[in-house]
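Model the full structure from these sequences, guided by the hints.
So that you can map any letter, position 75 of the sequence shown is 75 in the numbering used here, and since no number is skipped, the others follow by simple counting.
Calculated directly from the structure, the hints in this document are not laboratory data.
As the structure is a prediction and not an experimental result, all values here were calculated from the model.
Just so it is clear, CB atoms sit at the ideal spot from N, CA and C, and this is done for glycine as well.
Treat the hints with care, as some may be off.
Claimed, not checked - Okay, derived cross-link-like pairs now, DSS-like style, lysine-lysine, Cα gap no bigger than 25 Å in a straight line:
#1 Lys227 to Lys63
#2 Lys178 to Lys65
#3 Lys211 to Lys65
#4 Lys192 to Lys30
#5 Lys211 to Lys79
#6 Lys67 to Lys170
#7 Lys65 to Lys79
#8 Lys191 to Lys63
#9 Lys60 to Lys179
#10 Lys56 to Lys192
#11 Lys63 to Lys211
#12 Lys211 to Lys67
#13 Lys17 to Lys65
#14 Lys56 to Lys30
#15 Lys191 to Lys67
#16 Lys211 to Lys56
#17 Lys60 to Lys227
#18 Lys227 to Lys79
#19 Lys191 to Lys30
#20 Lys65 to Lys30
#21 Lys60 to Lys30
#22 Lys179 to Lys17
#23 Lys179 to Lys65
#24 Lys60 to Lys178
#25 Lys65 to Lys227
#26 Lys191 to Lys56
As the list claims (entries may be wrong) - Quick list of simulated restraints, FRET-style, between CB atoms:
#27 Gly201 to Gln143: 35 to 43 Å
#28 Ser209 to Tyr75: 27 to 35 Å
#29 Leu51 to Lys179: 35 to 43 Å
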Amino acid sequence: MQKPLPQPLRVVQLENKSGCLYMELNGEPKSPRHIDLYLTVSFKEDWESFLGGQVKFGLKSAKLKLKLTNGVMPYDSRKLTGSRQLLIHTDRQNREVNKSQNSTDCDAALSEIKAKAKATGTGEQKADMMNKFGVTAYQVTTQGEPENPSWTFTKERSQPVLIGVSYREKLGTLYVTKKPCIVTGFFEISKKDILLRDIQGLGLEDINSNKRVVLNTMITQWLIDTKLTPYLSQAVLLYD
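Next comes the structure, spelled out in structure tokens:
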């Protein structure tokens, strides 16, 4: 009699620190020594209070890093690479959004996609659900050693920032060397990855271009120092 497969990896920590990026990481054993890792990620523009006003920003790129304890993921076992698609509500593509709508669209998209994945309805019902979503493209490249693989997510040239949801994309297959196996995944960014999209309430709308560059640099550095480091999101999975 065939032995049942081990249970999915336990999520022992999940922290999403900023509204501009949400991550979930899941592991499903395919054999006692082989685990498929899946990533759900949502990108959107976010607002932060700043000196009595507000700034809106998004991400042009972001890097997911894995730290594997008692496991490896060789380059040829990584599946998430190349040109990919993010799902967004189709009505968002046809209108100008206000400062809270972007967040609402992405959150609603993720909730509906999760509901669809759990649904057991007919093909027509599922097709009708998918008609609510459009797509934007992004690029993924993978680097790193087998014990520390990484993936860089980059917007397409036609898009100002990363916007949309990617649900349960397979990162690749993890090979367990011994137990306990621990998977620590985290998204990190640098200053060059941030794009400021709007500044409101600071009374600085009429400043010249040189001062605008200085202001943008100051705000971006403030975001990095106070909000977006050492990581944006982190998940820790345990296989024991």
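Okay, the hints, checked on the actual structure:
A threshold of 25 Å between alpha carbons decides the hint, and for lysine 227 with lysine 63 the separation of about 16 Å falls inside it, so the pair holds. For the suggested pair lysine 178 and lysine 65, the alpha carbons sit about 21 Å apart, so the restraint of at most 25 Å is met. Annotation: proposed proximity of lysine 211 to lysine 65 is violated, straight-line Cα distance about 36 Å (limit 25 Å). For the proposed pair lysine 192 and lysine 30, the alpha carbon gap of about 39 Å is over 25 Å, so the pair is violated.
A distance of roughly 44 Å separates the Cα atoms of lysine 211 and lysine 79; the hinted pair therefore is violated under the 25 Å criterion. Between lysine 67 and lysine 170, the direct Cα distance comes to roughly 17 Å. Compliance with the 25 Å bound is thereby established for this hinted pair. Taking the CA atoms of lysine 65 and lysine 79, the gap is about 15 Å. The hint holds against a cut of 25 Å. At most 25 Å may separate the alpha-carbon atoms for a hinted pair to count; lysine 191 and lysine 63 meet this at roughly 13 Å.
Note on lysine 60 and lysine 179: the hinted pairing is violated, with a Cα-Cα distance of about 37 Å set against a maximum of 25 Å. Taken as a hint, the lysine 56 and lysine 192 pair is honoured in the structure, with Cα atoms around 16 Å apart against an allowance of 25 Å. A threshold of 25 Å between alpha carbons decides the hint, and for lysine 63 with lysine 211 the separation of about 30 Å lies outside it, so the pair is violated. The straight-line distance between the Cα atoms of lysine 211 and lysine 67 is roughly 41 Å, outside the 25 Å bound, and the hint therefore fails.
Among the hinted pairs, lysine 17 with lysine 65 is consistent with the structure: their alpha-carbon atoms are about 16 Å apart, no more than 25 Å. Only pairs whose Cα atoms come within 25 Å are accepted, and lysine 56 paired with lysine 30 is rejected, the gap being roughly 42 Å. This hinted pair checks out: lysine 191 and lysine 67 have alpha carbons roughly 23 Å apart, not beyond 25 Å. Taken as a hint, the lysine 211 and lysine 56 pair is honoured in the structure, with Cα atoms around 18 Å apart against an allowance of 25 Å.
The suggested pairing of lysine 60 with lysine 227 holds, with an alpha-carbon distance near 17 Å, which does not exceed 25 Å. Restraint check: the Cα-Cα separation between lysine 227 and lysine 79 comes to about 31 Å, which exceeds 25 Å; the hinted pair is violated. Restraint check for lysine 191 and lysine 30: the C-alpha separation of about 39 Å exceeds 25 Å, so the hint is violated. As the CA atoms of lysine 65 and lysine 30 are separated by approximately 22 Å, the hinted pair is consistent with the 25 Å bound.
Of the pairs offered as hints, the one joining lysine 60 and lysine 30 is violated, with about 35 Å between alpha carbons and a cut-off of 25 Å exceeded. A distance of roughly 30 Å separates the Cα atoms of lysine 179 and lysine 17; the hinted pair therefore is violated under the 25 Å criterion. Between lysine 179 and lysine 65 the CA atoms are separated by roughly 21 Å; this keeps the pair inside 25 Å, and the hint holds. For the suggested pair lysine 60 and lysine 178, the alpha carbons sit about 38 Å apart, so the restraint of at most 25 Å is broken.
Restraint check for lysine 65 and lysine 227: the C-alpha separation of about 19 Å stays at or below 25 Å, so the hint holds. At roughly 15 Å between alpha-carbon atoms, lysine 191 and lysine 56 fall within 25 Å of each other, so this suggested pair holds. For the pair glycine 201 and glutamine 143, the beta carbons lie near 40 Å from each other, so the given range of 35 to 43 Å is met. Under the hint 27 to 35 Å, the C-beta atoms of serine 209 and tyrosine 75, about 44 Å apart, miss the expected range.
Distance hint for leucine 51 and lysine 179: a CB-CB separation of about 51 Å, inconsistent with the stated range 35 to 43 Å.
The structure shown violates the earlier hints numbered 3, 4, 5, 9, 11, 12, 14, 18, 19, 21, 22, 24, 28, 29.
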